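Student: As a plain string of letters, each chain reads:
Number of protein chains: 2
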Amino acid sequence: MTGSIALVGAGPGAADLLTLRALNRIKAADVIYYDRLIDPQILEFARPDTERVFTGKHVGAHSWPQERICTVIVAAALAGKRVVRLKSGDPGVFGRATEELDAARAHGIEIELVPGVTAASAAAVSLGRALTERGQTDHLVIATGTCKPGDPPPDWAALIRPGTVLALYMAVRAARDMRAALLAAGVPSSLEVQAVSEATTPRERAITTTLAHLPEAMETGRISNPAILFLRWPKQAQPAQILPLVAE
Amino acid sequence: MTGSIALVGAGPGAADLLTLRALNRIKAADVIYYDRLIDPQILEFARPDTERVFTGKHVGAHSWPQERICTVIVAAALAGKRVVRLKSGDPGVFGRATEELDAARAHGIEIELVPGVTAASAAAVSLGRALTERGQTDHLVIATGTCKPGDPPPDWAALIRPGTVLALYMAVRAARDMRAALLAAGVPSSLEVQAVSEATTPRERAITTTLAHLPEAMETGRISNPAILFLRWPKQAQPAQILPLVAE
Chain W
1 MTGSIALVGA
11 GPGAADLLTL
21 RALNRIKAAD
31 VIYYDRLIDP
41 QILEFARPDT
51 ERVFTGKHVG
61 AHSWPQERIC
71 TVIVAAALAG
81 KRVVRLKSGD
91 PGVFGRATEE
101 LDAARAHGIE
111 IELVPGVTAA
121 SAAAVSLGRA
131 LTERGQTDHL
141 VIATGTCKPG
151 DPPPDWAALI
161 RPGTVLALYM
171 AVRAARDMRA
181 ALLAAGVPSS
191 LEVQAVSEAT
201 TPRERAITTT
211 LAHLPEAMET
221 GRISNPAILF
231 LRWPKQAQPA
241 QILPLVAE
Chain R
1 MTGSIALVGA
11 GPGAADLLTL
21 RALNRIKAAD
31 VIYYDRLIDP
41 QILEFARPDT
51 ERVFTGKHVG
61 AHSWPQERIC
71 TVIVAAALAG
81 KRVVRLKSGD
91 PGVFGRATEE
101 LDAARAHGIE
111 IELVPGVTAA
121 SAAAVSLGRA
131 LTERGQTDHL
141 VIATGTCKPG
151 DPPPDWAALI
161 RPGTVLALYM
171 AVRAARDMRA
181 ALLAAGVPSS
191 LEVQAVSEAT
201 TPRERAITTT
211 LAHLPEAMET
221 GRISNPAILF
231 LRWPKQAQPA
241 QILPLVAE
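Line by line, the protein sequences give chains W and R. Numbered by our numbering, the letters in the first sequence go through residues 1 to 248 in order. Numbered by our numbering, the letters in the second sequence go through residues 1 to 248 in order.
Next up, chain W with everything else stripped away, as it sits in the complex (with noise of 0.2 Å):
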């Protein structure tokens, strides 16, 4: 008999920020197959006799390609398992979810999507501040400093205007191209800015700059992968809050 798959949220970080249907998953797999940046704690919930697969990524070492992946989840259901592939965050924001939906369904074989928490919700739960603020920031823009090899670098400054909160995953690296490109945009370098990293475990450190200061305000507060950017530009911003007052 075929098993089936679930794509499972682990959440951003913490362990009790995993959903009650994600551990419910996790109790009834027979196999999980887990990237980094899961809390060890979630993979305690597990049966004793489930069998757990590390399958990268660890920053600067290989990890397994999306092809093998897919070849091995699918493999294992097909062999009647049911599986849990387990991913941090949200399965569904930058998780390579449709590879593995693509690949299930290619083959017959049932696959469930259980969302979770993603990294911009505890990053803002860390600053205690919500993402949207009724007023100032009418929409959230989640986007990504890494894109696919061979596509072009993020077009940064089409992707904040007033009223944007824009949460940045993966692009502690980007962050001085960023500037550059949004600072020749005409966005004020005043624009206030806020890094988390690893939000929710005890490892977390954020920071509170502006534009103009960013990535050296991140190497101070030693903001290292997994980090999330903000970049908040109000609706009505007043001269004092977002352009200098005086030539810089």
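Please keep in mind that the hints were generated in silico from the structure rather than gathered at the bench. There is no bait here: all hints are sound.
With a straight-line Cα cutoff of 30 Å, these simulated DSBU-like cross-link-like pairs (lysine-lysine) come out:
#1 Lys27/R / Lys27/W
#2 Lys81/W / Lys27/W
#3 Lys235/W / Lys235/R
#4 Lys81/R / Lys27/R
What follows is a set of in silico ranges between Cβ atoms, one per label pair, in the way DEER data are often shown:
#5 Pro152/W / Asp151/R: 31 to 39 Å
#6 Gly135/W / Glu51/R: 29 to 37 Å
#7 Pro152/W / Ala158/R: 18 to 26 Å
#8 Gly56/W / Ala184/R: 43 to 51 Å
#9 Arg52/W / Arg47/R: 34 to 42 Å
#10 Pro162/R / Asp177/W: 16 to 24 Å
#11 Ala184/R / Met1/W: 53 to 61 Å
#12 Ala28/W / Asn24/R: 17 to 25 Å
Covered by chain W, per the in silico footprint, the following chain R stretches (three or more residues, Cβ under 8 Å):
#13 14-20
#14 93-103
#15 116-123
#16 130-141
#17 153-159
Please read these numbers as outputs of a predicted model, since none were measured by experiment. We put the beta carbon where it would ideally sit given N, CA and C, even for glycine.
For chain W, the structure is supplied; the task is to place chain R on it using the hints.
Tutor: This is chain R only, laid out in the frame that chain W set:
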């Protein structure tokens, strides 16, 4: 002794999409102030002696003004109670959390944000599809069709371009205006639109249509609030996918 306040995300609909942390806060609560759209099963997780207060807002009915909510949660915490303010989805996304954070802090009350799965993640699960699709969409825009009274309507065309998946909250009533604005701005009429109402509940309904036919398809498919609309504009859109092959 002063109590505390937790602004807790109840998740997008189904009770099992609550996080473990949210469950723990609900179990520890002395009083729960809850919004509409909260699954009654979630309130049953509370202790029998926990007070439950409904703050609205039923569609079309009177609900508590935000100031009243702020006043009562602060008063309950000052009276020594562990207060849970239960909101659907993630409290940081269009959740009026800022007002409640500010009110608590102005009174020196400890206040915590407990993140939740936001409605867009759940609606994507209902569609069996990821929010972002590598190589197709590289940023997710979460916006609302309902602005602060007195504010101008959203600048729809500024929210979407090739590479965007746009998730719209509370936008059912704005669908006609949005279509007109987007078509006038040159957004392809064949753009794919999906809408999901009451995602992850037994009453869930979904449609797939194009921008050209959106309001009519929503009517036929009985898509009403609470609903999420997704507009997807792939990066490398081929003419056959996006541009009409014949004049309409």
